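Undergrad: Next come the chains, spelled out residue by residue.
Protein chains: 2
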Amino acid sequence: MKVTFQIEGGNPVTIECNAGDNLLELARRSNVAIDAPCSGNGSCGKCRVRLLEGELESLPSRHITDEEYAAGWRLACCSKVRSDCAVFVPDIASAYQSRMKTADLSSPQELAIFEDCQDHLRESGIHFVNRFRAVTVSMTPPSLDDTMPDSERLSRALEEALGVERVEIPFCVMVKLAHVLRQHDFVVCVKGELRSGVFHCMEIRGPEDRTMAGCAIDIGTTTVTMVLTDLTSGKLLAKGSCGNGQIRYGADVINRIIEQGRPGGRKKLQDAIIKETLTPILVNLCRHAGIHAGDILRLSVGANTTMNHLFVGVDAASVRMEPYIPSFFHWDGLLAGDLKLPANPLARILIAPNIGSYVGGDITAGTLASGIWDKDEMSLFIDLGTNGEIVFGNRDFLMSCACSAGPAFEGGDISCGMRATDGAVEACVIDKQTMEPTLTVIGDPDQRVVGICGSGIIDMISELFRCGIINAKGLFVREGKRILRDEHGMGRYVVAWAQESETGREVSLNEVDIDNFIRAKGAIFSAIDTLLHAVDMTVDMIDKVYVAGGIGSGINMENAVNIGMFPDVEPAKFHYIGNSSLTGAYAMVVSDDAAAKTAEVAANMTYLELSTYPGYMDSFVAACFLPHTDARLFPHSRQE
Amino acid sequence: MKVTFQIEGGNPVTIECNAGDNLLELARRSNVAIDAPCSGNGSCGKCRVRLLEGELESLPSRHITDEEYAAGWRLACCSKVRSDCAVFVPDIASAYQSRMKTADLSSPQELAIFEDCQDHLRESGIHFVNRFRAVTVSMTPPSLDDTMPDSERLSRALEEALGVERVEIPFCVMVKLAHVLRQHDFVVCVKGELRSGVFHCMEIRGPEDRTMAGCAIDIGTTTVTMVLTDLTSGKLLAKGSCGNGQIRYGADVINRIIEQGRPGGRKKLQDAIIKETLTPILVNLCRHAGIHAGDILRLSVGANTTMNHLFVGVDAASVRMEPYIPSFFHWDGLLAGDLKLPANPLARILIAPNIGSYVGGDITAGTLASGIWDKDEMSLFIDLGTNGEIVFGNRDFLMSCACSAGPAFEGGDISCGMRATDGAVEACVIDKQTMEPTLTVIGDPDQRVVGICGSGIIDMISELFRCGIINAKGLFVREGKRILRDEHGMGRYVVAWAQESETGREVSLNEVDIDNFIRAKGAIFSAIDTLLHAVDMTVDMIDKVYVAGGIGSGINMENAVNIGMFPDVEPAKFHYIGNSSLTGAYAMVVSDDAAAKTAEVAANMTYLELSTYPGYMDSFVAACFLPHTDARLFPHSRQE
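Protein sequence lines, in the order shown, are assigned to chains A and B.
Letter by letter, the first sequence follows residues 82 to 721 of this note's numbering.
Letter by letter, the second sequence follows residues 82 to 721 of this note's numbering.
In case anyone wonders, no lab produced these hints; they're calculated from the structure.
Incorrect hints may appear among the rest.
Any copy, or any two copies together, can satisfy a pair, since identical chains are not distinguished.
[Said to hold, decoys possible] Heads up, simulated SDA-like pairs for lysine to any residue below, C-alpha to C-alpha not over 20 Å straight-line:
| id | residue 1 | residue 2 |
| --- | --- | --- |
| 1 | Lys-257 | Gly-418 |
| 2 | Lys-421 | Cys-253 |
| 3 | Lys-83 | Asp-165 |
| 4 | Lys-513 | Glu-583 |
| 5 | Lys-257 | Met-402 |
| 6 | Lys-161 | Lys-316 |
| 7 | Lys-625 | Glu-246 |
| 8 | Lys-348 | Glu-249 |
Just so you know, these numbers come straight off a predicted model, no measurement behind them.
With the sequences and hints as input, model every part of the structure.
TA: What follows is the structure, given as structure tokens:
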């Protein structure tokens, strides 16, 4: 039996299979890129394909309407092969474009925040220049009177053009040297890196093809985001994001570490990130930017310690096992060729250094991007991802810690939670009297509600609390049209009735959701509280708070203070800085200064292990209330 | 129609074909290795196969006896397919083994010559030391109070042990670091290279495993020879040789260049040398020496310009096409990982530099080994291989040229020619009166004659000439029991009668053989003559003559002078120096000095293109006599 994938804008791919094989698995096995951020559990509805011929056995899905089903649309993850089939696969790049509206630079706001951060780095003295050069040289073609070998001819031309002592020609250039020189009549562009007076060639092209690209990658536990940038101008060439393919081996780092410890696990996890996640995005980004993979001359990675280990393929067991010794914190010996990434094989991969088992390169890159390392003011940097990480300090010291906040801020662990994309409630105001909500929904003006994203949940809990609809424990204490209870008595607040919603199902927030979220915000606040305590400081000493992560620019800081998630400081002190890991990684790949500064910041940062810090657990328990058991900490929290 | 090749010791291979297809071509197309050094012109008789089923149309061949023909033996190159066939193909590896026993350091004499050369290099100030280090470090195992990552722990220990500023850990070490450290309780041996104050790790092992190996490779057009050496002591760990697997694509460089120019040819030729030839030997040598491939930290290659290009996988077409521009002469950017050789992936491959299309790295390595670059005396260095290369000069200048001498010195182009292995006549004296020969045969005392090797042919022609049995043109001018003539009147001298020989076939030297050999020796002498002329010198200015190559240590220099092959200088001035390419490559891999000196020697060597040099052709024609048309050049040549 066989399946043919008709890929939009690409060549068809056919794979042998057996009856009952899962269509998404088959696509992965044959390197056909299908968007599946939920990693095939049927929840995201992104892996849509259209059956052209043959028979699939597909589970029904709320993501496929009857009209769509009739037209052949199916979810690949929910379909089994029943006969020889041909299926149409939409271009994943356009899917990437449409998904993940937060922190992947796809919105003008995100882009503005991103560029703002770069401007601040420039003001801090970070030069956006590097040692990569694209040099066009014109040589006299050889003749019987001038029989210098190709390599020497090229080396001499480059030595003269660049004023360097020596030129190194690697294997990947040597094997095509004769051909490229003759194809372009001995006028070529050579791309490479200047290091200590030596020009290290990396690629050779025709004279017009001068692009040198860098690739910055944010490897999140849940989501991977990537930008391709021009190494000369720093201009963004392409950008994309996608779910981390490892998600099928566990939603959090602990489960993935366990999984990689099984026989063959390291290879499986590494393949999931490199072959299944990064490679397809990178290939697509190159296509969209119109560049060859060989022209990617440097890469950078912002990722947590576990993601870094799994990416490199080294055992991550030590990250969670006493005495918690990772293989590396800082390491600059990795090349794209080592991992067989579609880039120049000699391209160095700058890994933003880890500083502890649970404070990784995403945080050091983010700290760079935040600019707090250059300020006299005391700043708090908070990255809200699947984990929450906190850095506090200024130009004189930096201290960091991590807390396991869970996925609530990205819409996980919440019954109607979702990412900040079309149909998500991203903001909300509730009328105290009528208890009716006024919602802000992402998307077109007529977009119906699909679910609630992180910033929406913060608003909603804050408003429910302000209006006295829930108490400090998050339990419903008022009655009304929108407050319903199930047979066990569990209360919920209806955000959108079934008939109003996009999916035809009620969108609501229940007491379990609220409890989950309170624990998440409690973890964040108690981490901040403990970190301040450790350096003997108090909330009023905080001059700035930088908030980063997938929660989105829609976050209402006052509401976050209101529920006791962030410390009670003036609203003007808060700044949302987007995907700071990606921003920092971008700076590292384009700027040699930024790369060096990230290493310096990491080397100077102190790591505080919360789990063994006296008083942390008490602080956490105290923070699992609205806003806190000690209301004096939140003088501005309003319950009207 | 189809042919099935039943390969000795391998799986059968079947290929579709048409009536009339050439059997050797079919074998090549289906990657069946059949030994065919003459590249299918019917002259060498090596491509023997046995017809098991079906019908072949085969030309008769002097290499196949009637009994053999009846048993099904055919020459593949002379056979066309007439029906579905099955043919037996003898194991080519055993064919390789049985060929070429000289110059691979397998005899005590060769080994003594090899060691002599190294001693002379030491006397010339070449230090046999390098920057590779195997460092055993003992670290404090990590604990909850000492949570430094593995890479940092190792780097610090190495920095302290070596007194270096920085340690670089590559991918291949990082991926196993955690495991090896724990397996050996944090006491490990790290092997790597010191470069400008930085220690570049290459391998990590347990504390006892301190071997650092180097591998020197002589890639001849016909034969590959390899030694594995200890990089610390310079001791030989293992040695081996084998036919060059490319031989099935042609016996000489010209045929191989044509072959590599066909679609897919470069890959085929590269696979033949790397996958089929070098890899199996290297794996074997490692096994014999009891070392891991990862412990081979540097390799060196002595090979002609074409072999170097085919080895690297770059287009060699330019070597023979105007304006004769190779991709490289000197190149030090190649790593074992680039070619997927079984060695440390970061091991650098030092390629002895080429200096012209037909004077390659085998000659620059050989020149290093000869030591002529360090002498005041004027020396001549002659390498007799499939090509003949000559270098003349001293510490002030070196000039080189190449001549196409053909395979006669290795027993090719001679009806009863063979390599210097068991059963080969390697020396001969003829009684002038009785015309009876006294033979020296390689092998046991009771070894019967199989054929005649290069040194034997020199002796025989010299003796036949001295005894007045042949004239200056190589034609038989005396009659006798051992002098026979065929139906066309072509004379021959019977060296061994059919009943005396190992094969039951007469071993003789005929006028065509002698003519072939005279042209070969004429090519050598005229090249020497032209080179001397070019530097305005004469034979009496030659202080030393170093002879290298597969012709073997048995060569009688006086006889070589007698027939006008070598210039007429005193016998004491001649020295046989064995496989100088391998000797030079060995020095390069062990000694940084030798590697640098080889590059210097190559850079200072001038290349003389004989084919365009005025007077060369005249000189060649004049040299095609015994000893020469100008007998004054050979005052010591004796015709009694």
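Undergrad: With reference to the structure, classify each hint as holding or not holding.
TA: The hints, checked one at a time:
| no. | hint | in the structure |
| --- | --- | --- |
| 1 | Lys-257 with Gly-418 | both (17 Å within a copy, 18 Å between copies) |
| 2 | Lys-421 with Cys-253 | both (14 Å within a copy, 13 Å between copies) |
| 3 | Lys-83 with Asp-165 | within (5 Å within a copy, 33 Å between copies) |
| 4 | Lys-513 with Glu-583 | neither (26 Å within a copy, 113 Å between copies) |
| 5 | Lys-257 with Met-402 | between (48 Å within a copy, 18 Å between copies) |
| 6 | Lys-161 with Lys-316 | neither (43 Å within a copy, 63 Å between copies) |
| 7 | Lys-625 with Glu-246 | neither (49 Å within a copy, 39 Å between copies) |
| 8 | Lys-348 with Glu-249 | neither (33 Å within a copy, 24 Å between copies) |
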